[in-house]
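Assemble the complex: chain A is given as a structure, and chain B with the ligands must be docked to it using the hints.
Below, each chain spelled out in residue letters.
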Amino acid sequence: MGITDSLKYYWNVKVVGQPFLHWQRRQAERRPKVSSRWRSDILSPPLRIGAKTKELISRHYLEGRYANGHRPVAWVTSGGPVEILQALGFYVLYPENHGALCGVRKAVVEIYGEAENAGYSTDICSYARTDIGSMLSGKTPVGRLPKPDLLLACTNICQTVLHWYRVLAKHFEVPLILIDTPFVYTKASDHALEYVKKQLENSIPIAEQVAGRTLDYRRLKEIIHLSKDATELWLEIIGRGRHHPAPMSVFDQFIHMAPIVEMRGKKETVDFYAALLKELDENIDKGIGAVRNERKRLLWDNLPIWYRLRYFAENLGEHGICVVASTYTNAWAELAPLMNLEKPLDSMANTYMHPILNQGTKYKLDTMKRMVEEFQLDGVILHSDRSCKPYSIGQIDQRNLLIQEYGIPALLLEADHDDPRAYSEEQVASRLASFVEMLDD
Amino acid sequence: MSNPIPSRKEVIEDIKNRGELVAAVLPIHYSRALLRCFSIYPVEVWGPPKVDVSLGGAHLQPYVCSIVHNALSFLKMGGLNAADFILIPHTCDSLQGLTSVLIDLIKPEQAIIPLYLPRGQREEDIIFLADEFRSLYTRLSELTGKKPSSKDLLAAIKREETSDLLLAKLYKTRQQMGLSNLDFYRLVRSREYLPAEHFSTLAEETLQTSTQPRPGIPIILSGIVPEPMEVLNKIDEMNGQVVADDLACCGRRLYKPGISPEPFRRMAERIISAPPDPTRGNPIEERVKYLVEMAQNSGAQGIIFYEVKFCEPELFDLPNLRNSLKEHGLASIIIEVDINNPLPHQVATRISAFLEMLDS
Ligand code: SF4
Ligand code: SF4
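For the protein sequence lines, the chains are A and B, in the order given.
Counting from 0, one number per residue, gives the positions in the first sequence under numbering that gives the first Met the number 0.
Counting from 0, one number per residue, gives the positions in the second sequence under numbering that gives the first Met the number 0.
Take the hints with a grain of salt, since some may be wrong.
[As the list claims (entries may be wrong)] Here are the simulated distance ranges between beta carbons:
hint : chain 1 : residue 1 : chain 2 : residue 2 : range
1    : B       : Thr210    : A       : Asn201    : 28 to 36 Å
2    : A       : Arg104    : B       : Gln120    : 34 to 42 Å
3    : B       : Gly77     : A       : Lys146    : 48 to 56 Å
Worth flagging that the hints you see were computed from the coordinates, not collected in a lab.
For every residue, glycine included, the Cβ atom is placed at its ideal position computed from N, Cα and C.
Here chain A stands alone, though its shape is the one from the complex (with noise of 0.2 Å):
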């Protein structure tokens, strides 16, 4: 690591980039502005901590940016057990979240567009294409993106990743750690366990003469703690949703999950999902919904579209229907309880073996099943992801015994979440305005 590189971190992000995107923050909640698009007979006003989430991912990038020859940089899968590295100050980038911010500024098209002209088939998952074409032409919306030290691949979401981060240990000439962690059919055998355990333990020598410090197991103990509490606080989020009317609906989670998935194990991080339930509690209180009139109450199942968010909101809103809770947002908040302080490797074992991606196809309809009771919705949409096999497939059937088992009415929509291509607006709108219908009928 460079003094000069550090002086040039400290410049940028600490002496001007920081203040300048607090400020910014303090602006923006002393003059709440809303966008004369923003369609505010159907939706109340976006959630205040709107700004908050803003200022966190902008400073998350921000310190990327000015990373490499300050601290050590590790891209890591949205699964990937992060505290070892957060624990060695690893500055962690998930080229998913960036993938997912590409598409919500609809910049996804351009760069995917680098990967494909190099050879990278349309048929691989939009995360790995636009990640890959990033890495090619260097093109993102947030300015520059980190080169990384060392790859974390973890297998808990699904194989895809592993394919992707050899095509980026190859590009980037850096080791590649594999968390291989085995798929839990029907329940999760010892030695699958004992295999996550043996792997994280061999990870930290490789990751420790990449940071070039020792791991301070205390430290991780805390990072742990943190990444609980955070959890724990989305858990009770994500919970609010119970309320009639909604506080948050699912387009706001997907936008205000982005901490949770790459800032977890941080202070700040407890303490901004303690701000955003504050702020859910108080708009409960006096009965402010996410959908001003909300008369239907939804699932969604799978990955968001993330160049469409708005859209969908906007659409269910003008009936009354407001998407409350989903099995993907709930994915970052179900292994709360899993954690456990005192065992930190058996317990990061347990709980990155376990969530819903690496689970069988009857525990996600199980949990749809219990999501729709617990939040008395009267419906599903499953987003058959094209690009998310490991999501997508079962869901075909998840559809019918919603429908003909349980009663539930339950829609499939094909699309992709992060290429626009394999998405028919017309199809979708025809196919939304059926199911609106039958939920009335």
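Here is chain B with the ligands on its own, set in the frame of chain A:
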């Protein structure tokens, strides 16, 4: 070849007539020896082509590969009725999804037995895979009531090792054997369903038959499976000669003998040390090195990446592989197919143009 190769159907009938058990096994890696110890005969299911895909389409989205679609369709049309068990290795997200849908939602009559394959080549991966085989042993024991000893296991492993050594020998001498592409792959792919001892006899007989080497433009075939097999006929017709392969059903399963005297570890060693395979997570550099050496040793002038559409494990590596191969003077082409469709005319034209380009 002196004796004709029995078909899958004939082999299954023969096994069933003897009152033995059959396991339908989906791609790619598993231990044949472990099944055989329980007198279960593995018969692999790579698709198969030419099925009514609407049956699988009732459960799977169109963006899932045709290997998985066809396997499910085949199961639903009764094609796997003769199987007592269905073993599904965890090869990719799509097979993972199929396994889970079968276990949880479709619930066919046969027991669905998943097998997780680790994605690394580290000591912990060998230990895990050996444990996975131990747990499979326990499951098969419960299902069959049998308890084969370590000696039985080792004997079964050695029988498979002998068969695999003969398979490797066939590969080594393929250019001298004078078999057409189609005949060679009919022969080596019979390893997918013939019991090891039968395959060994067949391989030995073929190795003893001396014929004239066949001339042709030397190429390597890479991908999952050469289906529809018609593609091999086309390559024959166009004067192409497949001199080596990096196919998941064939060359990527040239398992070397294991080292450990402990049976489960030995089974694991054999798979972990197999030729590089993206579904087992080998780094791209290893694949490049392996393919370049393969081309040098076989004299291949170009590589056809013959891919199943929507196969992510294959698709991710292609740009890097092709660029690196180009740097080594090796031309390549990507052909994507749906194994259920007859070989499109356009594919034949592209292969023909590629071979002509190599020839010139
Ligand atoms: S979207 Fe699905 S396939 Fe893509 S990285 Fe995420 S989990 Fe994997
Ligand atoms: S063709 Fe590819 S995606 Fe399909 S089952 Fe085989 S490895 Fe999986």
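Taking the hints in turn, this is what the structure says about them:
1. Thr210/B x Asn201/A: 28 to 36 Å: violated (52 Å)
2. Arg104/A x Gln120/B: 34 to 42 Å: At roughly 39 Å between Cβ atoms, Gln120/B and Arg104/A fall inside 34 to 42 Å, so the hint holds.
3. Gly77/B x Lys146/A: 48 to 56 Å: holds (55 Å)
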